[in-house]
Amino acid sequence: MHPRPSPQGKPVSLFVTCIVDMIYPQTGMSVVKILEHLGVEVDFPLGQTCCGQPAFNSGYQDEARVVARQFLRAFKDAQVIVTPSGSCCAMVRHEYPRLFADDPVLHAEAERIASLTWEFTEYLVDGLGITDLGLRLPQPQTVAFHDACHGLRLLKLGAASRALMQHTENATVVDLPNCDVCCGFGGLFAVKMAEVSSAMLEQKCSDIDACAADTIITGDASCLTQMNGGLSRRGSSKRVRHVADVLADALPEVSHAE
Amino acid sequence: MQNNANSFVALADIGIHDPDQRQAVAVGTIRAYDKRRAAMFADGHEHGEALRQQAAEAKRRALRCLPELLEQAEANMIANGFTVLWARDADEANRHVVEIAQRHGVKTVAKGKSMATEEIALNHALEAVGLHITETDLGEFIIQLNHEPPSHIVAPVIHKTKPQIRDIFVRELGMPPTDDAGEMVAFARRVLREKFLNADLGVTGGNFIIAETGSLCLVTNEGNGRLCSTMPDVHVAVVGIEKIVETVEDYATLTQVLSRSGTGQNLTVYTNILNGPRRADEADGPSHVYVILLDNGRSDIYATDYAEVLACVRCGACQNACPVYRSTGGHAYGWVYGGPIGAVLTPLLVGLENASPLPHASSLCGACKEVCPVDIDLPRMLIDLRRDLVRQGHAPRAWKLGMKAWAVGMRSPRFYRWGGLAARLGRNKIARGNQLPGLLGNWTRHRDFPPFAEKPFRQLWAERQKAQSS
Chain A
1 MHPRPSPQGK PVSLFVTCIV DMIYPQTGMS VVKILEHLGV EVDFPLGQTC CGQPAFNSGY
61 QDEARVVARQ FLRAFKDAQV IVTPSGSCCA MVRHEYPRLF ADDPVLHAEA ERIASLTWEF
121 TEYLVDGLGI TDLGLRLPQP QTVAFHDACH GLRLLKLGAA SRALMQHTEN ATVVDLPNCD
181 VCCGFGGLFA VKMAEVSSAM LEQKCSDIDA CAADTIITGD ASCLTQMNGG LSRRGSSKRV
241 RHVADVLADA LPEVSHAE
Chain B
1001 MQNNANSFVA LADIGIHDPD QRQAVAVGTI RAYDKRRAAM FADGHEHGEA LRQQAAEAKR
1061 RALRCLPELL EQAEANMIAN GFTVLWARDA DEANRHVVEI AQRHGVKTVA KGKSMATEEI
1121 ALNHALEAVG LHITETDLGE FIIQLNHEPP SHIVAPVIHK TKPQIRDIFV RELGMPPTDD
1181 AGEMVAFARR VLREKFLNAD LGVTGGNFII AETGSLCLVT NEGNGRLCST MPDVHVAVVG
1241 IEKIVETVED YATLTQVLSR SGTGQNLTVY TNILNGPRRA DEADGPSHVY VILLDNGRSD
1301 IYATDYAEVL ACVRCGACQN ACPVYRSTGG HAYGWVYGGP IGAVLTPLLV GLENASPLPH
1361 ASSLCGACKE VCPVDIDLPR MLIDLRRDLV RQGHAPRAWK LGMKAWAVGM RSPRFYRWGG
1421 LAARLGRNKI ARGNQLPGLL GNWTRHRDFP PFAEKPFRQL WAERQKAQSS
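Going down the list, the sequences are from chains A and B. Residue 146 in our numbering sits at position 146 of the first sequence; the count goes up by one each step and never skips. Residue 1256 in our numbering sits at position 256 of the second sequence; the count goes up by one each step and never skips.
Careful, some of the hints might be misleading.
What the hints assert, rightly or not - Think about it this way: if two alpha-carbon atoms lie no more than 25 Å apart in a straight line, the pair counts; the simulated BS3-like pairs of lysine-lysine are:
(1) A:33 - B:1455
(2) A:192 - B:1400
(3) B:1162 - B:1035
(4) A:33 - A:76
(5) A:10 - A:156
(6) A:156 - B:1369
(7) A:10 - B:1466
(8) B:1404 - A:192
Stated by the list, open to error - Computed footprint of chain B on chain A, listed as stretches where at least three residues anywhere in the stretch have a Cβ under 8 Å from a Cβ of chain B:
(9) 3 to 10
(10) 76 to 87
(11) 173 to 185
(12) 228 to 237
These are calculated hints, taken from the structure and not from any lab test. In this text, all values refer to a predicted model and were calculated from it rather than measured experimentally. Backbone N, C-alpha and C fix where the C-beta goes; we use that ideal spot for every residue, glycine too.
Please put together the full structure from these sequences, using the hints given.
Right, dumping it as C-alpha cells:
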C-alpha cells in the first residue's frame, strides 16, 4: 500500500460520483460549500464519469477497467481527491490496485491515486483533523446515522460523521437500531434480486420508523435512494439525507448567500 | 443432496413470503448474532480481534501444508487404532459406510449432527440398503420427521416456529399436545434415548482432526455427538479433508472461536477429543472407529484462488449476520449450505453453472467477513465468482450488451453527458410517475425512484465558475 500523504494545505479535486452528478447535484454543492467554508480550494475535473463499481460488482471487470482508466486519466493531476461516497471511495482505494494488478504501470498509478483519495467526512476528520466545523443548524433537529456498508466495513467510517454532527449546534444525535445492517441496495443487486433487496429494505424502513430521529443521515447517495424510495412508498414522513447536505444546512448564512 | 441452487430467486420468494419463517429466522439469527458479539468480545474488542486473527492464521497454516498434514493425521490416527478411509466423492463415502454397516451386521443407525453427511446424502444411501437411521440432534430430528433438509449449519431448524414443531411431534410421534417447549424437548429426549440405546452404528461428522496427535474432535451442545460416538459398538465419522489442524494448540484456538462464533459460548457443552476405539483395559466405547476423509470437490477448490474458503469451520456466524439469509432463510440457497458461505462454497463444489444465481445473492455488505472467525474474505470471493460467471459465459446476453454499452458511455466525458441527458429525459419526461420500464421496473415495484436533476452538478459547477470569473 502506497503511503498516504497528508492532504492538509492542498487543493481538493472533487469526485462528485455519477449519482450525485445526475440526481443529487445539491449534495455536490454542499461539499463544495463546506470545503470552501474551511478555506480549501476546490476543483472539479471535468473528465470524471463513474468509478466503475456497477460493472466491477457484477463481474464485468474488463468494462470496469475501461471506466477506471478514465478515472485515473481524469484525476491524474489531483493532489487530493475527495468524494461524498464511502462506496465509490472504497472502489478507488481497495479495488483499483487489484483491478490493475497485471499491469505494472497502471497498477502503480492506481496505487498512487488510491493513496490520494478520501471520503468526505474522513477527509475532514482524519485528513484535516477537524471535528468542529463551527456549524449551527437553523432549527433544533434530532438525527441518527445509518452506516452504509462499504464505508463502514472497508473504510472504517462512522465515527467521523457522528463526531461532525455532535459538534454541530442544535443537532441531537440518537441511535438508529441496526444502523450497521445493510439497507438492501447493493447496486445492481437491487434490480437483480429485487424481492430480496426490498425485503431487506422493509426491515430497514421499520427500524427508521421506530427510531426517535426525523432525519437519518448517511454517507452514500445510492443507499439514500434505496431508503427514501422505500420510506416514501410506505408513506413514512421520515427521510434519509446525505451528511454533506445536513452539514451545509448548518453553515453560517454568509456562505449560503452566494 | 439434490441441488436446486439455480432456483434461488424462486426459492427466496417462497421464504420471503412465509411470515412464520421470516419471523423465526430473524429472531434466531439476531439472537445468535448478538450472543456471538458478546462472547467474542467479552474480554474487550482487541482480545476478540486477536483471537480471530490467531484462529485465521492457524487455519491458513494448516491449509498451506494440507497434503503433508493429511498424511501425518492418517498415520497418527492409525497408530491410535482408528481405521482411516479416503473418499474421493459422495458415492465412495457412502459405499464405505454401507460396507462398514454390512460388515458389522448393522440394522439401526444413530446419527449426530453433521453437514458433511448432508452433503453426500448419506441417509438416502443407508435407507436404500434397508437401514433405519435416526437423526439425534434435536433440530435435525425435527426436520428428519418433516422430511426437510437443514436450513442452517448450526441450527438446522431455525426456520420453524414452536407451534410448527409441536404439530410435527404430534403428527409424527403422537406427542400429547403441549405448547411448553420444555415438555416438547423432554418428549423428544425420551424418544431419542431409545434410539441411542438400540443403535448398532453411530455416525458423526468431525469439527477438527489434530494431525500431531491423530485425534478426532467433536463439539455439540446436546451430547448427541458424544452418545453417537460412544454408545454403539461401531462409530463412523465422515470428515472433510479441510478439517485438519496442525497442533493441539491450534485446536484450542479454533474450538474457542467456533463456539463463540456459532452459539456465543466460550465452549460448547460437550467437547470431545476422541483418540481411537475402546482399549483392551477400557469398559466403554466402540470397538471399531472409522474415519472417512471426504474430498468431494475440496481438492479441486484447493487448487484455485478460492482455497481460503476451505478455512471455514462451519460456525454459521455468516448466516446469522447476513441480511439476505435473514430474509430468505437457508432453503433458498438450494443445497446444503445456505447464507454467504453457501453462496461461495456451493458453486465451487457443485459447479458454477449449477449454482449461477448464488454469487449474486448478496448485497456485498461485508457483514459475513466481519463476523467470520477465520476472516474469510467472502465478499471478495463473491465478486470473483461473478467475474468467473461472466468469463465462462454464464451471464445473460442482455446484461453483457448493457454493460458494454454502459462502459462506452462511461469511458468518455462527452458520451457520459449524452447518456446522462438521455437518462434524465427518459426518467423525467417519458417515464413519469412511479412505474419505470425494464429492469428499473424491478426497482419501482417496491420503491419510488427520484427524478433526475434538471441540471447535473457539472453544469451547476460550470455556471458557478462562469459567475465567479465575471
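So, going through the hints one by one against the coordinates:
no., hint, verdict
1, A:33 - B:1455, "18 Å, holds"
2, A:192 - B:1400, "14 Å, holds"
3, B:1162 - B:1035, "21 Å, holds"
4, A:33 - A:76, "24 Å, holds"
5, A:10 - A:156, "24 Å, holds"
6, A:156 - B:1369, "14 Å, holds"
7, A:10 - B:1466, "23 Å, holds"
8, B:1404 - A:192, "18 Å, holds"
9, 3 to 10, "violated (count 0)"
10, 76 to 87, "violated (count 0)"
11, 173 to 185, "holds (count 5)"
12, 228 to 237, "holds (count 5)"
Checked against the numbered hints given earlier, this structure breaks hints 9 and 10; the rest are met.
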